[in-house]
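**Q** Each chain, letter by letter, is given below.
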Amino acid sequence: MAKTNTLDLTKNDYKGRPSTLCPGCGHNAISNQIISTAYDMAIEPHRVIKLSGIGCSSKSPAYFLGRSHGFNALHGRMPSVGTGAMAVNRSLIAIGVSGDGDTGSIGMGQFKHVMRRNVPMVYIIENNGVYGLTKGQHSATQDEGVPQKYYGINEYPAVDIALEAIVGGASFVARSFSGSPREVQALLSAAIRHNGLAVLDIISPCVAFNDTDASTKSYSYVRENLDVLHEVEFVGYVPQAENIEIDERTYERQGEILVEMHDGSRVVLKRVDEDSYDPTNRHEAIRQVEEARRSNKILTGLLYFEPERRTLHDVENLIDTPLVDLGEDVLRPSKEALDEIMQEMMI
Amino acid sequence: MADVLQAPEQAVGDETIVNDFQIIVATVNGTGSQTSNSLVIRSLFRMGIPVNGKNIFPSNIKGLQTWYTIRVSKDGYVARKEENQVLVAMNKSTIIEDIKQLPAGGVCLYDSGIRYEPTRDDILTYAMPVDDIMDQTDVKRSLRERVRNMVYVGALASLIGIELAEIEASLNAEFPGKQKVVDLNMSVIKLGHAYAEENYDRPSPFRVERMDETKGKLLMEGNAAAALGATFGGVQMLSWYPITPSSSVADNAMKYLSKFRIDKETGKASYAIIQAEDELAAIGMVLGAGWAGARAMTATSGPGISLMSEFAGMAYFAEIPSVIWNIQRVGPSTGLPTRTSQGDLLASYMLGHGDTQHICLLPANLKEAFEFGWRAFDIAERFQTLVFVLSDLDLGMNLWMTEPFDYPDEPMDRGKVLNAEQLNEHIKEYKRWGRYHDVDGDGIGYRALPGTPHPQAAYFTRGTGHDEWAVYSENSDVWVENLTRLTNKIAGSRDKLPQPIVETVDAADFGVIAFGTVDPAVVEARDRLAAHDKTFDYMRVRALPLSPAVREFIEAHDTVYVVENNFDGQLAKIIIMDYPELATRLKSIAYLDGLPFTAKFIVDSIMEHE
Ligand SMILES: Cc1ncc(C[n+]2csc(CCOP(=O)(O)OP(=O)(O)O)c2C)c(N)n1
Ligand code: SF4
Ligand SMILES: [Mg+2]
Numbered sequence: 387m388a389k390t391n392t393l394d395l396t397k398n399d400y401k402g403r404p405s406t407l408c409p410g411c412g413h414n415a416i417s418n419q420i421i422s423t424a425y426d427m428a429i430e431p432h433r434v435i436k437l438s439g440i441g442c443s444s445k446s447p448a449y450f451l452g453r454s455h456g457f458n459a460l461h462g463r464m465p466s467v468g469t470g471a472m473a474v475n476r477s478l479i480a481i482g483v484s485g486d487g488d489t490g491s492i493g494m495g496q497f498k499h500v501m502r503r504n505v506p507m508v509y510i511i512e513n514n515g516v517y518g519l520t521k522g523q524h525s526a527t528q529d530e531g532v533p534q535k536y537y538g539i540n541e542y543p544a545v546d547i548a549l550e551a552i553v554g555g556a557s558f559v560a561r562s563f564s565g566s567p568r569e570v571q572a573l574l575s576a577a578i579r580h581n582g583l584a585v586l587d588i589i590s591p592c593v594a595f596n597d598t599d600a601s602t603k604s605y606s607y608v609r610e611n612l613d614v615l616h617e618v619e620f621v622g623y624v625p626q627a628e629n630i631e632i633d634e635r636t637y638e639r640q641g642e643i644l645v646e647m648h649d650g651s652r653v654v655l656k657r658v659d660e661d662s663y664d665p666t667n668r669h670e671a672i673r674q675v676e677e678a679r680r681s682n683k684i685l686t687g688l689l690y691f692e693p694e695r696r697t698l699h700d701v702e703n704l705i706d707t708p709l710v711d712l713g714e715d716v717l718r719p720s721k722e723a724l725d726e727i728m729q730e731m732m733i
Numbered sequence: 175m176a177d178v179l180q181a182p183e184q185a186v187g188d189e190t191i192v193n194d195f196q197i198i199v200a201t202v203n204g205t206g207s208q209t210s211n212s213l214v215i216r217s218l219f220r221m222g223i224p225v226n227g228k229n230i231f232p233s234n235i236k237g238l239q240t241w242y243t244i245r246v247s248k249d250g251y252v253a254r255k256e257e258n259q260v261l262v263a264m265n266k267s268t269i270i271e272d273i274k275q276l277p278a279g280g281v282c283l284y285d286s287g288i289r290y291e292p293t294r295d296d297i298l299t300y301a302m303p304v305d306d307i308m309d310q311t312d313v314k315r316s317l318r319e320r321v322r323n324m325v326y327v328g329a330l331a332s333l334i335g336i337e338l339a340e341i342e343a344s345l346n347a348e349f350p351g352k353q354k355v356v357d358l359n360m361s362v363i364k365l366g367h368a369y370a371e372e373n374y375d376r377p378s379p380f381r382v383e384r385m386d387e388t389k390g391k392l393l394m395e396g397n398a399a400a401a402l403g404a405t406f407g408g409v410q411m412l413s414w415y416p417i418t419p420s421s422s423v424a425d426n427a428m429k430y431l432s433k434f435r436i437d438k439e440t441g442k443a444s445y446a447i448i449q450a451e452d453e454l455a456a457i458g459m460v461l462g463a464g465w466a467g468a469r470a471m472t473a474t475s476g477p478g479i480s481l482m483s484e485f486a487g488m489a490y491f492a493e494i495p496s497v498i499w500n501i502q503r504v505g506p507s508t509g510l511p512t513r514t515s516q517g518d519l520l521a522s523y524m525l526g527h528g529d530t531q532h533i534c535l536l537p538a539n540l541k542e543a544f545e546f547g548w549r550a551f552d553i554a555e556r557f558q559t560l561v562f563v564l565s566d567l568d569l570g571m572n573l574w575m576t577e578p579f580d581y582p583d584e585p586m587d588r589g590k591v592l593n594a595e596q597l598n599e600h601i602k603e604y605k606r607w608g609r610y611h612d613v614d615g616d617g618i619g620y621r622a623l624p625g626t627p628h629p630q631a632a633y634f635t636r637g638t639g640h641d642e643w644a645v646y647s648e649n650s651d652v653w654v655e656n657l658t659r660l661t662n663k664i665a666g667s668r669d670k671l672p673q674p675i676v677e678t679v680d681a682a683d684f685g686v687i688a689f690g691t692v693d694p695a696v697v698e699a700r701d702r703l704a705a706h707d708k709t710f711d712y713m714r715v716r717a718l719p720l721s722p723a724v725r726e727f728i729e730a731h732d733t734v735y736v737v738e739n740n741f742d743g744q745l746a747k748i749i750i751m752d753y754p755e756l757a758t759r760l761k762s763i764a765y766l767d768g769l770p771f772t773a774k775f776i777v778d779s780i781m782e783h784e
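In order, the protein sequence lines correspond to chains A and B. Numbering of the first sequence is given in the numbering used here, commencing with residue 387 and proceeding in unit increments. Numbering of the second sequence is given in the numbering used here, commencing with residue 175 and proceeding in unit increments.
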């Protein structure tokens, strides 16, 4: 008997079709981390929608959560599709997957605006510094000075996705590495539970085009230059009756930060050096990310968190029922209503 | 006031022309002339006289010239006329040209403060010292600019016979509950009126008289009718990016939806209207919402259509119900952004790369704007595809008379959607469910929406090649099968879309095919041609792909004129694509100069051939 989760589903039930990406591609690891996270959290697959743009990364939703609806949209336009879907069905859990080209170049506009609107949705950028699918052109996140076989040295400054996200007003911004499964899964769990837009900038090496010695997004470079902000642990929501009192003071004493998600689940950020990091301080977040960038380090962890931001649904003042569940009785006003309008306009 | 009347005797015939002329008001943009013009129209309408107004304005907020034509027609014609018989000249920078355009015998009511004396002796001129008249009022300086146009409303009313009581009633309707505003405007109107009564001793040959032709009708703009239609179509999500002449679709949707679709108990909305960052995002949101099972639409114009191209192709190929209102203006490019056109027919019909075809609905009047407003959703969900509604600036932004709208005569058609239970039944019957599996032979599969609690409900939506099970495929046979099914699906809509309206006469000399807002000009041309002993059968097309009736109509005539407001004869081209063997019977009357079509142009064009 295969192991099951609390929904009686096996891990297999969370898998997708076999991946057609290159063996060793960071994107495959992230797909597996999504599978494990959804399984561990016992998420009902039918409540999830998978969204993506175009690219190797954007192909990957076919390779996880086969029982969830997927929408492989246009290059750079996944955010708008997600916005529309979530606007009309707020009961869904949206997981968006994009690439650094998909988000950092062609999709920069939609990326910025989906953050402004704080659409409840997980937005993963599988960041490899290149356009994998079109064979290795520099992307906007490629660091200055990194060479490419056919395209020479990149001489433009890199777009820092996490920094763009913090500045752009995302209410949850994290960075991780496809080779750090525990951290990715903890951050992903928190992102899924976040009521708002959660950006996960995950460095995800491209073994075909950007895993060279001179690349700052190769497996070896990233491993050697990780700057882990804190150890992230996700503590799922435990129903009240069994709730083990978490003594917040203990955490404080140990310099740990406790972040509560809107459904009651928690994220524990454990200190890795003498200072603890408060992710709700935007100013500090920007400073830390900028400092890491200057020293060519890859800062990972929950960089920024703003729990109380109003979501798209709040701002649009939407009813609690998902709009798609409304029937004709609500959607179509009565004949009397039309007659009244007509009457008012007649002389 | 010696300059009141300078026209010589012979300029004006003895007869008075009643309820059959066109007024043109020349003003400066941003001076509140919209209110004064709409006041004149509404007052004429209240007097029971058929009337139509057309705003001819530049792409500018303040300071440039703008014209407004008001046609009164005892016969009920609402097309633009080429000639204006009465000029209200309020704009210094255009008065010379404006006066030149008047026909002999025309009337010119002008602001004498402009310090330009009309010199033509074959027209009647009436001076209004607008500033002097304003000096008699106690209107604050800061408000003067906004109400000075009311002087001409009063003077014009006196000159042509508009009843002051109806002007006041119209003002009350325009500013409900704002007695101060009404009084202020009315005081200026009365001064203008009094001035004219006192000083104009030569009567205008053009006059209006009360009729009884507008009872039970109302005046509305096409974009408001569209929004009201969408409201009664149960729209759930509207995303848009502002662009003239489409913005007022969204504005009106806000107005109507906030009236009807706010939950009484919670005060919350059962719809979302989202102003997007651009048209790419607007249509992306529409597709996301349509895919999730909602009725979603956007409204835009030419440049927006261009940006929506990639998503439009995807909507066709991935079969996502969605609605785009294209309120057409003149392109290519930014073109003439505030002028009307039917130039996006081909572009909309085939928007997207590859072999793409979209259903297009072609409203010609307010009733159709309303009806297609709700019906577009039924069609989009029935055929699981993108539906365009092609209106234009003329219909969308001008005031038209209409009978009240009919309440939808059918319940909403949500198309083929399976819930979890129905999905089980479906699987029992057909062994397996596939999103694009054509079990009914009409090319339309069944949808299972995101969120459906069933382990087999999920499928993957993509713009890349896929088979009937929605699985990625690059197989050539699969591709051909899929595209064939899509072609057949759209072809299957031909006789299910709004069918052409055909009006026939005995022994017609030829046929005429048109669509959309050239309709009023065709109707008027038909009567005028009858005076030349020429009669025609008229078919007004209301949807693409073309109805099979189009072929029959052309086959029944040796000559068919295809009349349209664009340069390339786009409808004619579509007909020829469908029926190349009938091409020699067609004659294209295609013209676009930024102005609504006139009957005269159609008559002249046809008479060149006949
Ligand atoms: C409008 C448009 N332009 C260009 C392309 C070609 N294209 C496909 S994927 C891609 C880049 C993808 O890069 P990224 O998002 O970084 O994904 P990766 O393959 O690296 O995971 C491009 C340019 C396209 N599909 N659509
Ligand atoms: S090309 Fe690069 S990004 Fe694409 S699948 Fe291969 S390794 Fe991954
Ligand atoms: Mg990439």
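Do not rely on the hints blindly, as some may be mistaken.
Dumping the calculated DSS-like pairs for lysine-lysine here, alpha-carbon to alpha-carbon at most 27 angstroms [claimed, not checked]:
no.	chain 1	residue 1	chain 2	residue 2
1	B	K255	A	K721
2	B	K266	B	K314
3	B	K442	B	K255
4	A	K721	B	K266
Listed next, the stretches of chain A that the computed footprint assigns to chain B, with coverage defined by at least 3 CB atoms under 8 angstroms from CB atoms of chain B [claimed, not checked]:
no.	region
5	422-434
6	453-466
7	567-579
Source of the hints: derived by calculation from the structure; they are not laboratory data. In this text, all values refer to a predicted model and were calculated from it rather than measured experimentally. Beta carbons are placed, not taken as given, at the ideal position from N, Cα and C, and that holds for glycine.
**Q** Name the hints, by number, that the structure is in violation of.
**A** Checked against the structure, the hints that fail are numbers 1, 3, 4, 7, while the rest are satisfied.
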